[in-house]
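Given these sequences and hints, build the entire structure.
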Amino acid sequence: ETGVTQTPRHLVMGMTNKKSLKCEQHLGHNAMYWYKQSAKKPLELMFVYNFKEQTENNSVPSRFSPECPNSSHLFLHLHTLQPEDSALYLCASSQPQDPHSGNTIYFGEGSWLTVV
Amino acid sequence: GENVEQHPSTLSVQEGDSAVIKCTYSDSASNYFPWYKQELGKGPQLIIDIRSNVGEKKDQRIAVTLNKTAKHFSLHITETQPEDSAVYFCAASGGGGSQGNLIFGKGTKLSVKP
Numbered sequence: 001e002t003g004v005t006q007t008p009r010h011l012v013m014g015m016t017n018k019k020s021l022k023c024e025q026h027l028g029h030n031a032m033y034w035y036k037q038s039a040k041k042p043l044e045l046m047f048v049y050n051f052k053e054q055t056e057n058n059s060v061p062s063r064f065s066p067e068c069p070n071s072s073h074l075f076l077h078l079h080t081l082q083p084e085d086s087a088l089y090l091c092a093s094s095q096p097q098d099p100h101s102g103n104t105i106y107f108g109e110g111s112w113l114t115v116v
Numbered sequence: 001g002e003n004v005e006q007h008p009s010t011l012s013v014q015e016g017d018s019a020v021i022k023c024t025y026s027d028s029a030s031n032y033f034p035w036y037k038q039e040l041g042k043g044p045q046l047i048i049d050i051r052s053n054v055g056e057k058k059d060q061r062i063a064v065t066l067n068k069t070a071k072h073f074s075l076h077i078t079e080t081q082p083e084d085s086a087v088y089f090c091a092a093s094g095g096g097g098s099q100g101n102l103i104f105g106k107g108t109k110l111s112v113k114p
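Protein chains in written order, with the working numbering: chain C, 1 to 116; chain E, 1 to 114.
Please note: incorrect hints may appear among the correct ones.
[Claimed, not checked] As a list, the in silico DSBU-like pairs of lysine-lysine whose alpha-carbon atoms are at most 30 Å apart:
no., chain 1, residue 1, chain 2, residue 2
1, E, Lys37, E, Lys71
2, C, Lys41, E, Lys106
3, C, Lys18, E, Lys71
For the record, the hints were derived by calculation from the structure and aren't laboratory data.
And the structure:
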C-alpha cells in the first residue's frame, strides 16, 4: 500500500470513447502528478498540480484533460485517444514543490491503458 | 534544463554478487537524488535518496554515492538476491530550472540469477 490509489488498474477503450482515470492520495500531500510510462519514454511527466492549481503542462495533447478538484484527488479525462497513447499512466503525490529543494514523490500502482 | 543519463540499461548478475548503476546529471544546482525500484506490474517505489550536502548514504544492502564535482551519483546493491530483480530509476531535482520536478533516467533492468 503506497498511500496513492489509482483506478481502474486496467482499461481498454476504443478511439471514440471517453473515459477517466482516477487517483486519490492519503498522504496529506498538496502536489499531485500524472506521468506516462511507455517503452519509448520510461517516465514522462505530463501534468503537475500544486494546491489544486495546474503548474505544469508538459506539452500534452488536448485529448488528455486533467482535473484536480482538491488536494487529495486527481483525474485524467481521456477522449479520442490514439493507439500510441497505450501506456501505463502513473499518478504521484508529494509535499508542495519547492523549485530549489527537491521533494520525494510517491507513486501509485498505475493504470494500464490500451487503446484499440 | 536538467538532463539525467543512466547506465547500463540492462544488468545481469549472479546471486550474491554486487550491482552498480550509474547516473550523471547536467544541472550543477540540482540537490536531491532519489532512486526508485519498479517491480513488474507495480509503480516505482522509493528505495533510497541523497541530498547534495551528503556524499554517501547506506541502508542495509543498498548504498548511494554522490560526486557533486563530477555530477554523478551511483546506486550500489551488495549481496544481491533474486527479489532485487526489477527496473531501477535514478532522478535529480532541485536545480530551479526544472521547477522542482524530478527528472528521471531511462532505467536499468537488473536481473539477479539464482
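Structure-based check of each hint:
1. E:Lys37 to E:Lys71: The hint holds at about 22 Å.
2. C:Lys41 to E:Lys106: holds, 7 Å
3. C:Lys18 to E:Lys71: violated, 45 Å
Hint check: a violation occurs at hint 3 only; the rest are consistent with the structure.
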